[in-house]
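Undergrad: Join these two chains into a complex; the hints should help.
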Amino acid sequence: MKRLVFILPLVGFAVMAVYLGIGLTKDPRALPSVLIDQEVPPFDLAAIEGRDKGFKHGDLLGEVSLVNIFGSWCIACRVEHPFLMKIKERKLAPLHGIDWREENRQAGPAWLARFGDPYTLIGDDPKSKAAIAFGVTGAPETFVVDKRGFIRYKHVGPMTQDVWDRTIEPMVEELRKQ
Amino acid sequence: MIVEIGHFALILALVVSLVQGTVPLVGAHRNDAAWMALGRPAAIVQFLLIALSFAALTHAYVTSDFSVLNVARNSHSAKPLIYKISGVWANHEGSMMLWVLILAAFGSAVAIFGQNLPPSLRARTLAIQAFITLAFLLFILFTSNPFERILPAPVDGRGLNPLLQDPGLALHPPFLYLGYVGLSIVFSFAIAALIEGRVDAAWARWVRPWTLAAWIFLTAGIGLGSWWAYYELGWGGWWYWDPVENASFMPWLAATALLHSSIVVEKRDTLKGWTVFLAIVAFSLSLLGTFLVRSGVLTSVHAFATDPARGVFILVLLLVAIGGSFALFAWRGPSLSATGLFVPVSREGALLLNNLLLTTASAVVLLGTLYPLFLDAMDGGKVSVGPPFFNAVFIPIMTPLFAALAVGPFLAWKRGDLPGALARLRLAFGLSVAAALATWYVAADGPVMAVLGMGLAAWLVIGAIVETASRINLFKATIGESLRRLRRIPRATWGMTIAHFGLGILIAGVTGSSAWKVESIQTMMPGQTIDVSGYEFRFEGASRAQGPNYTATRGRFVVSQGGERVAVLKPEKRVYPVEGQPTTEAAIKTTFMGDIYAVIGDAEGNQGGYVTRLYFNPLVPWIWAGILIMVVGGLFSLSDRRLRVGAPSRREAPAQKVRAQKVRT
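Note that the protein sequences, when read in sequence, are chains B and L. For the first sequence, the numbering used here gives the first residue as 3, with consecutive numbering after it. For the second sequence, the numbering used here gives the first residue as 3, with consecutive numbering after it.
No wet-lab data here; the hints were simulated from the structure. Mixed in with the good hints, there may be bad ones.
To be verified - Derived DSBU-like pairs (lysine-lysine); straight-line CA-CA distance at most 30 angstroms:
1) B:K55 / L:K519
2) B:K58 / B:K179
3) B:K156 / B:K93
4) B:K129 / L:K519
5) L:K591 / B:K129
6) B:K4 / L:K269
7) B:K131 / L:K519
8) L:K416 / L:K478
9) B:K4 / L:K416
10) B:K129 / L:K572
11) B:K88 / B:K179
Chain L with its partners taken away, still in its complex shape (with noise of 0.2 angstroms):
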């Protein structure tokens, strides 16, 4: 019963969709307000039909009720209740749920908070939202409805693959789908700005704190799992260049070049077409990582669900919704005219440049990710390319975008001062010239690329104090006359400060973990010990363990540094028998320098003989710290008071002020 409540509040919600996307769309064009405010509960009931239809389907997961086709294919009884809880996301049908629910989250969300918005703005952005809500409803109920039942139900479902009941996994997704699907709120707000041909600051800041929310959850999306990856996979790698890891690198890509272009579009009224265009190319590749998941065009170890019907329908929703939005970005771009001048040194300048490398970045993950299928479509053959290819074209591209980043912040609007700004980080220039020489004395087998890494890193890391610090004239003011400019710093800009720093402390694992990562495969005997990087592992063999719906192999490992215990680590190889899968638990133990992983793998010989893989990873929970950081940053700058809509500005140019408030009224 509850199954076909859910079913049926689906249905109705795609009835209150089609209502949200036409009316208020007409109402805004014939300015009837009466119309234009349905757009407003439309949004708010909507999401309260999918929330409903989407508890009805996580109900049927957590009393495991079998006679519903998805639970009997994802679940099993005797799951701990966590993992029904995230089995509810982790098929395909599921999955298409959270993306609706989160997208009509995000809709009710603008109708609630966008009260200041213009009318025909918010109602036109509405009903975009609508349409692509519309769109994924269809899609869910006539190609993956999750209610769908089976007669006669099953004893027990097949259970939900292993490697996805972890903790890491069962949150990535969410976090994910909030950062995908909060760009189409921005989308949403580019395409109603092309049909209003009103590009404008106000704009800019009405969309500002949603890209950085969406920006923030793909952050963390993307952070979380690769750290899944990183522990659950057991081979010590964090990033693959997969597929799917690309469709959500790439619009995080896009996304961050927004973020930084919506900030000239507010203060120097130029840039329009082009932060239009990001907004649209951002949710298009959302969109197109989606596509690519699940039609099944490439094949990916990520890929639980393929089915070239699903591809058909979404490749159509691709031509409506990215060919739409192109197609009216050609005919009304054109009018969006700018009013600021450019000049190549200054803070837009730097941007911009920030801009052209980011989209470079994400084109040639692109085409990278499709060139396979480009190659296949000509009759070429199959290839697959992997990180050689992404390694040789992303550290060109990114190396010039790091060396500019610590400059920009120091550069002026309108003109800067590029002696000046380089005079001012003179001392992060020399630092970052000695921690990339300190590489070379210390690691000077390594490779090349490790020396240029850290130094980068260090220029990110000391640039972003530095430009605080001078911010604050710190030993030029007075120690009062310091913290009293130190406390007046605002919160975005505390935000950039701080996620340029987490992308230094970034650049760093990154450059420490695929540089000097240590690794050792081998048979071990119990009490025989293996040297790695300087630490000893003693394998003092393994013991059967169980677990709620698992058992395991769960090996003992010693490992000392100089003769001093350092960690115990006890890494597991579990069977789960429902599903007939191993998996691999790798234990980590994490150091300030770098993480201590060992693995076990398969018995050998009957001597209590194993295979064991040990790593030293070096500086991994940087990356993780760093990820960490710059979500710290953008959390900061989402809770900037200039950016909640509306809210007067205390710091703001008085010539920019007038704008402001000519906008608002």
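For reference, chain B alone in the conformation it holds in the complex (with noise of 0.2 angstroms):
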């Protein structure tokens, strides 16, 4: 009996080893599929700073849209950035904008002051609600929501031309027909 209590220690972190090799070998961009063909859930983000409106829920809702996550620490979202202002161009769709996990209030404004701002509106999300909603897994990501506000598909990682010829410029203009 005294012995067990002894071996208690080894079984516990032998119990947690496993979820932490498990935690290794998870891709933390993994798509989580359930998202897909799913409503975005309500929510409601604050003005960054420098701008009036922020982004909500029903700014979804009437039109096809795209909804990138960035953020001004995230080094591949400065690698998609020019593409993202390209995007901006052609006018296909409104290119909404998540300012996600800053860790204060001037970094995402100045960054976009810098590099360019591609986007129709931008939520200011530091607290990752909105990032939660989405079930976004790391910045930045890039999500098709059609015009009933349902997530249509999910790209993880910067935006690149092949996947917005082959992918992303189809299936806006698919949505957009329905």
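TA: See the structure below:
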């Protein structure tokens, strides 16, 4: 009996180690498929500094839109940024931004001032409220949301010309016809 | 050339650590004095080699040698010297170098100062310590080599994250690492004791100063980190329950528990298995913290290097170190028999309660930190566990701990007199209730928890004073007699009283700052005045300022209270052109009752308006004061001559003296 008590820490650690091991194999950017074809849960984000309007659930209704998760801290976001500026020029669909997990309120606006602002609406999301609603696993991620506010596609990582030409653009055009 | 010498010294240190890990261990098993003795010179040589290697890396930073990949990535020629030096450990590779440097430093400290240790215990402790160093050296050389060169060398470096270019941050990792790694020695002692199969009062006495030293560094490191977050992140908060903060807090809780349980082993020869367990847990939590921070399994603002290959290596290291030591514990632990009896109402009973609550707290933080990982591993989705969870579970655990804390020192060993102890605390209790009621009266619209918090803070502070007063028989004996008694109080006792007193101050600060913080965010035009908690902040506009490697927008606020000028605050918003990143420098005027805190944001419109954030953070200085007092308490305790290994004790009970001598011979 007494011996059992001394074995307990080893058992406890073994259980934890299994989880740590699984955690390591999990790609933190892996796509939780459950959110595809689901309605975006309600969210309401405040405006970032320098803008009047925030970004909320209702803004997604009535129009096919793209939602991009970014942050000034995120290196990959900087990589895809020039491409997002091109998307803005194309005026295919509004591109909204969720400014995710900024350490302070100035960081996001300063970043946009420096590299350009491709977004129609931007919501400030320091506490991951909307990011969790969207099932975000990392930045950058880009979502295609249909007129009814349902997530139809999710791209993980920087947006590229290839993904845009082959998937996003045809899909947006298709959804607009519906 | 110097860089290659550093690299070579590191490889040589690896070889030495292999020798130091094996030869003394075999020697201790065979009882071969010469083999055992090899541990000491090996530990010293190993430290010198790693120090040489670290110096070589520092040299590369100071001279801005951008042909070294690590320097090019993390430094810049235009950086002030202090940040070139702190840049050495403000990145993954360098921080691991600092880790092994401290690991080896502690090993050589045992080799040098541990002359009174039995040779076999010393040999085994140094061998275990060498194995830990070996593992980390392998980790550095195979996955995180700081001496890698690049060709062609860039003209200039990428710079250091400006958030990290700060004196608070330059100092905080070394302190934190001294704490984490200091626990490695305690771990090595525990493993060595398990191998020997003997844990006794002497062992507890040898381990105590190392635990205490690690605890002091950890306390100071957490305090510095928190202070940095407070003024540099510019949010007016000082603790965020971030996974990395938790990673430092868990070992602290375990080390605090260990500090108390080792007293029981020393005085009462019981709780042995538990104390060894805590020693293993404290260092395991340090290792786990490293895994969480370095592997990227949990995303965090602090994670400056996340790499799955490193994660796998550290996981294997965890399996061997923690799994191995718990297996050894399961095998050898049951043979650690206790001789002391246990009565619930006694000093040891109070210390056991302290241990149960502290380890529960530690387990809760561990659970909260790992819960997102568990859920994700079971495909339960992504969640984040934040302050509401921690506050909800932490306060119910801490309240009984603090309530019992003031009583514990009044209970005698073996059999305490609870009614007697409570009777002596009558005054403290009355004053604490008065403090709680006063809080309620002054801030009736504030949260109810604040009343409890201030009451507990007063309970600890007054309890500590009453304890000293009753120890010297104040007002009962003559003044001369009381002074004589005061002088005779051992330093370790002073340490306890001071640390408990500091904790009370800390609780008051935590309560005040979380209950009554006043915050005001707005756009202000020059000349405009905003009232925050009775202070009038007049904004006098902003101007450009030039720093050594940044440009800044510097705001100017004149703060007055009732028409009288209190302070001029000049918060800055800096932009570091090399890194292209802004930082916020809050301007803080500290007063006895709290901090007047101002932050300037971006320009708004073109009439000189700026976004400003103004705070009054009540009692925040008390947090830093409380932590500082706790550190001073730790230092007092550490300076107690009884802790100096082998020093004869004047004030020991005869029975203990005999036992201690027996062990020493």
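Undergrad: Could you run down the list of hints and mark each one as holding or not?
TA: Hints, one by one, checked against the model:
For the hint pairing K55 of chain B with K519 of chain L, the CA-to-CA distance comes to about 28 angstroms; that is within 30 angstroms, so the pair holds. Only pairs whose Cα atoms come within 30 angstroms are accepted, and K58 of chain B paired with K179 of chain B is accepted, the gap being roughly 24 angstroms. Restraint check for K156 of chain B and K93 of chain B: the C-alpha separation of about 20 angstroms stays at or below 30 angstroms, so the hint holds. Straight-line distance between C-alpha atoms of K129 of chain B and K519 of chain L comes to about 20 angstroms, which keeps the hinted pair within the 30 angstroms bound.
With a C-alpha separation of about 29 angstroms, the suggested pairing of K591 of chain L with K129 of chain B holds against the 30 angstroms cut-off. Note on K4 of chain B and K269 of chain L: the hinted pairing holds, with a Cα-Cα distance of about 24 angstroms set against a maximum of 30 angstroms. At most 30 angstroms may separate the alpha-carbon atoms for a hinted pair to count; K131 of chain B and K519 of chain L meet this at roughly 24 angstroms. For the suggested pair K416 of chain L and K478 of chain L, the alpha carbons sit about 26 angstroms apart, so the restraint of at most 30 angstroms is met.
A C-alpha spacing of about 24 angstroms is found between K4 of chain B and K416 of chain L, which places the hinted pair at or below 30 angstroms, so the restraint holds. Taking the CA atoms of K129 of chain B and K572 of chain L, the gap is near 29 angstroms; set against the 30 angstroms cutoff, the hint holds. Taken as a hint, the K88 of chain B and K179 of chain B pair is honoured in the structure, with Cα atoms around 23 angstroms apart against an allowance of 30 angstroms.
Comparing the model with each numbered hint stated earlier shows that all of them hold.
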